[in-house]
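Quick one: dock chain against chain with the hints and give me the complex.
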Amino acid sequence: MRWGVITFPGSCDDHDVLDCLKTDLGQKVKVLWHKDELAGNFDCIVLPGGFSYGDYLRCGAMARFSPIMRGLMKFAQSGGLVLGICNGFQILCESGLLPGALVRNSGLQFVCQPVHLRVEETDTPFTSSLKKGQLLRMPVKHGEGCYYADPRTLESLRKNRQILLRYVDVKGKPAAGANPNGSVENIAGICNPARNVFGLMPHPEDACSALLGSEDGAKLFMSIAAVCADRVPPHA
Amino acid sequence: MRVRIFVSLKKGVLDPQGKAIERSLHTFGYNEVQDVRVGKFLELEVDAASREGAEARVREMCDKLLANPVIEDYRFEISKE
Numbered sequence: 461m462r463w464g465v466i467t468f469p470g471s472c473d474d475h476d477v478l479d480c481l482k483t484d485l486g487q488k489v490k491v492l493w494h495k496d497e498l499a500g501n502f503d504c505i506v507l508p509g510g511f512s513y514g515d516y517l518r519c520g521a522m523a524r525f526s527p528i529m530r531g532l533m534k535f536a537q538s539g540g541l542v543l544g545i546c547n548g549f550q551i552l553c554e555s556g557l558l559p560g561a562l563v564r565n566s567g568l569q570f571v572c573q574p575v576h577l578r579v580e581e582t583d584t585p586f587t588s589s590l591k592k593g594q595l596l597r598m599p600v601k602h603g604e605g606c607y608y609a610d611p612r613t614l615e616s617l618r619k620n621r622q623i624l625l626r627y628v629d630v631k632g633k634p635a636a637g638a639n640p641n642g643s644v645e646n647i648a649g650i651c652n653p654a655r656n657v658f659g660l661m662p663h664p665e666d667a668c669s670a671l672l673g674s675e676d677g678a679k680l681f682m683s684i685a686a687v688c689a690d691r692v693p694p695h696a
Numbered sequence: 193m194r195v196r197i198f199v200s201l202k203k204g205v206l207d208p209q210g211k212a213i214e215r216s217l218h219t220f221g222y223n224e225v226q227d228v229r230v231g232k233f234l235e236l237e238v239d240a241a242s243r244e245g246a247e248a249r250v251r252e253m254c255d256k257l258l259a260n261p262v263i264e265d266y267r268f269e270i271s272k273e
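Protein chains in written order, with the numbering used here: chain A, 461 to 696; chain B, 193 to 273.
Worth double-checking, as some hints may not be accurate.
[Claimed, not checked] Simulated restraints, written as ranges between beta carbons of each label pair: (1) B:Ser271 <-> A:Pro574: 48 to 58 Å; (2) B:Lys232 <-> A:Val571: 19 to 29 Å; (3) A:Gly539 <-> B:Ser271: 47 to 57 Å; (4) B:Phe198 <-> A:Val630: 36 to 46 Å; (5) B:Arg251 <-> A:Lys495: 20 to 30 Å; (6) A:Arg462 <-> B:Glu252: 34 to 44 Å; (7) A:Gly539 <-> B:Gln209: 36 to 46 Å; (8) B:Gln226 <-> A:Gly514: 28 to 38 Å; (9) B:Glu252 <-> A:Thr483: 42 to 52 Å; (10) A:Ala686 <-> B:Val205: 30 to 40 Å; (11) B:Lys272 <-> A:Asn501: 52 to 62 Å.
[Unchecked claim] Each computed EDC-like pair below joins lysine to aspartate or glutamate, with the alpha-carbon atoms no more than 20 Å apart: (12) A:Lys633 <-> A:Asp676; (13) B:Lys211 <-> A:Glu604; (14) B:Lys202 <-> A:Asp610; (15) B:Lys203 <-> A:Glu604; (16) B:Lys203 <-> A:Glu645; (17) A:Lys488 <-> A:Asp690; (18) B:Lys203 <-> A:Glu615; (19) B:Lys203 <-> A:Asp610; (20) B:Lys202 <-> A:Glu615; (21) A:Lys592 <-> A:Asp629; (22) B:Lys232 <-> A:Glu604; (23) B:Lys202 <-> A:Glu604; (24) A:Lys592 <-> A:Glu581.
[Unchecked claim] Which bits of chain B does chain A cover? Going by a derived footprint, with three or more residues having C-beta under 8 Å, they are: (25) 196-206; (26) 251-260.
Derived by calculation from the structure, the hints in this document are not laboratory data. As the structure is a computational prediction, the values presented were derived from the model and not from experiment. Glycine residues also receive a C-beta, built at the ideal position from the N, C-alpha and C atoms.
Isolated chain B (complex conformation) (with noise of 0.2 Å):
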């Protein structure tokens, strides 16, 4: 199963790559853009004999290494392929 993952900064975090990225947003003329924030995307390929038991092990995955509940929070999608 192909497991995405997506890691982002807690709310309250300072994000200065996100401000820095948003200040080049509007030096394009994106003056539209507020709030930018970065986080971090990851794919794994998961054997597991079902959907549940890959959630599981997923979320276990994360609480543990992927992501550092101080300061991130995620979420994940799962699919065949």
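This is chain A alone, in the form it adopts within the complex (with noise of 0.2 Å):
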């Protein structure tokens, strides 16, 4: 199982997704700078937390046009496991890799606190190992992680069933106090319509260890690597 972790100028979570995967996973993970050319076999590629370009215009606007972004595309188009995590999510938005937009907190203000999110799908390789139901803990931490999507948009969320994680609380209900930045109906990740490219707004990678006060994060992960250990890469 191949990782790579992609780095803008401006990520800050690429350290920690190398962290979580290497040092806690036990993982395979190579780091890719932006301005290069995607090269090379992998299973899964993660855009990482951050500001890249200083989230400068729109949040993750610029990062899609980074040269290895050429690379990305092709590679989700093709089947390869994409992951966007936080900025990350912002990115894959932007380049159309995942519908809707992430737009300012309702609230105003930036984040940081566990969430309770339940995991809506699992018929993904990001969420197979997990349960319908399945309540996890991890840590939010943005400025602009209100999702919005037109109600077009929403409906063939909920038909194709791309809605895989939602803010709940500690009873699993997708309640307004619950939702930590307004996100439209809880929506707290997303996958594409192939279901090979996913999108969310908490971190799991500051999830891995008890010493973080939760190891929910790791069974994303872990989840990842269980349906890639039987599969041959595809060619970036």
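This is the structure:
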């Protein structure tokens, strides 16, 4: 199983992802510089959190034009697994690999707190080791994490079961009080129709050890690793 | 040619910044104000042979980068200087 993690100028959680995958989970990871053309075989490429290009213009708006994104788009289109975390999710929406957009938190404040997430679908490589309705605990840390999609897009997301994670309270209910940023329908993470591209605002890489208070993030990464164990990786 | 681009949030997209500014205006006594929305203003200098040519290129720039069509609308003005 070969992981890639892209570093854009201004990415900061690339190190967290690297630490989590290599040190906590013993995975093979290659760090990819945004200016390089994508080359090599990968099972899953991660777009990490941070403030790529300083969030100038719009979060993720400029990162989508980095040279590495040419290869990343082809990789995604040929079925390669792509995981976008926080700023990574924003980049995936800006690039059109995922529908909708992330806008300023409805409360206007940067939120940095643990949240409960409910697993909505398990027939994806990212959630196949989990159970429908299972609760996960991991942190969010963002100022622009409010997911927005127009009614037609939302209808399509529901119909194709592309909503993978929702913000919920400790009882598993998608209450307004459990929503840290105003995301429509408490949506925390979605996938594309082909189910090989997944974007989420919370940070699984910050929930990979008991020391950090939760190991639920590791469950997402290991779900991906389990699926890829038997696969032949697509060429980048 | 001087290009002035106005990017605004689509109707239906929540604008908490606009709401906060509206509340502040009310606090100052400007209670006649409603529905504040915050947008973006960009200015560019564009080298083009014709106005039509410039318009076409600016439209491309807006569609590809300067505005996100999921959440934003745009309009622009072109002048000789």
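We went through each hint and held it up to the structure:
For the hinted restraint 48 to 58 Å between Ser271 of chain B and Pro574 of chain A, the CB-CB distance of approximately 52 Å keeps it satisfied. Evaluation of the 19 to 29 Å hint for Lys232 of chain B and Val571 of chain A yields a pass: the beta carbon distance comes to about 24 Å. A C-beta distance of roughly 49 Å is found between Gly539 of chain A and Ser271 of chain B, which places it inside the suggested range of 47 to 57 Å. About 45 Å separates the C-beta atoms of Phe198 of chain B and Val630 of chain A, a value consistent with the hinted range of 36 to 46 Å.
Distance hint check for Arg251 of chain B and Lys495 of chain A: the Cβ-Cβ separation is about 29 Å, which falls inside the suggested range of 20 to 30 Å. Roughly 37 Å separates the CB atoms of Arg462 of chain A and Glu252 of chain B, a value that falls within the hinted 34 to 44 Å. The hinted window of 36 to 46 Å between Gly539 of chain A and Gln209 of chain B holds, with their beta carbons roughly 40 Å apart. Our hint of 28 to 38 Å for Gln226 of chain B and Gly514 of chain A holds, since their Cβ atoms are close to 33 Å apart.
Range check, Glu252 of chain B to Thr483 of chain A: Cβ separation about 45 Å, and the 42 to 52 Å hint holds. For Ala686 of chain A paired with Val205 of chain B, a C-beta distance near 39 Å keeps the hint of 30 to 40 Å intact. Separated by about 54 Å at the C-beta atoms, Lys272 of chain B and Asn501 of chain A satisfy the suggested range of 52 to 62 Å. The hinted pair formed by Lys633 of chain A and Asp676 of chain A meets the criterion: a straight-line CA distance of about 18 Å does not exceed 20 Å.
With a C-alpha separation of about 16 Å, the suggested pairing of Lys211 of chain B with Glu604 of chain A holds against the 20 Å cut-off. Simply put, Lys202 of chain B and Asp610 of chain A have alpha-carbon atoms about 10 Å apart, close enough for the 20 Å limit, and the pair holds. Of the supplied pair hints, the one linking Lys203 of chain B and Glu604 of chain A holds, its CA atoms being roughly 19 Å apart against a limit of 20 Å. The suggested pairing of Lys203 of chain B with Glu645 of chain A holds, with an alpha-carbon distance near 18 Å, which does not exceed 20 Å.
Restraint check for Lys488 of chain A and Asp690 of chain A: the C-alpha separation of about 16 Å stays at or below 20 Å, so the hint holds. Our distance criterion of 20 Å between C-alpha atoms is met by Lys203 of chain B and Glu615 of chain A, whose separation comes to about 19 Å. In summary, the hint linking Lys203 of chain B to Asp610 of chain A is supported, as the alpha carbons are separated by about 10 Å, within the 20 Å threshold. The straight-line distance between the Cα atoms of Lys202 of chain B and Glu615 of chain A is roughly 19 Å, inside the 20 Å bound, and the hint therefore holds.
With a C-alpha separation of about 16 Å, the suggested pair Lys592 of chain A and Asp629 of chain A falls inside the 20 Å cut-off, and the hint holds. Our distance criterion of 20 Å between C-alpha atoms is met by Lys232 of chain B and Glu604 of chain A, whose separation comes to about 17 Å. Only pairs whose Cα atoms come within 20 Å are accepted, and Lys202 of chain B paired with Glu604 of chain A is accepted, the gap being roughly 17 Å. Distance check on the hinted pair: Lys592 of chain A and Glu581 of chain A sit about 6 Å apart at the alpha-carbon level, within 20 Å; holds.
Counting residues of the region 196-206 of chain B whose CB falls under 8 Å from any CB of chain A gives 3; the rule of at least 3 is met. With 3 residues carrying a beta carbon less than 8 Å from a beta carbon of chain A, the region 251-260 of chain B meets the three-residue requirement, and the given coverage holds.
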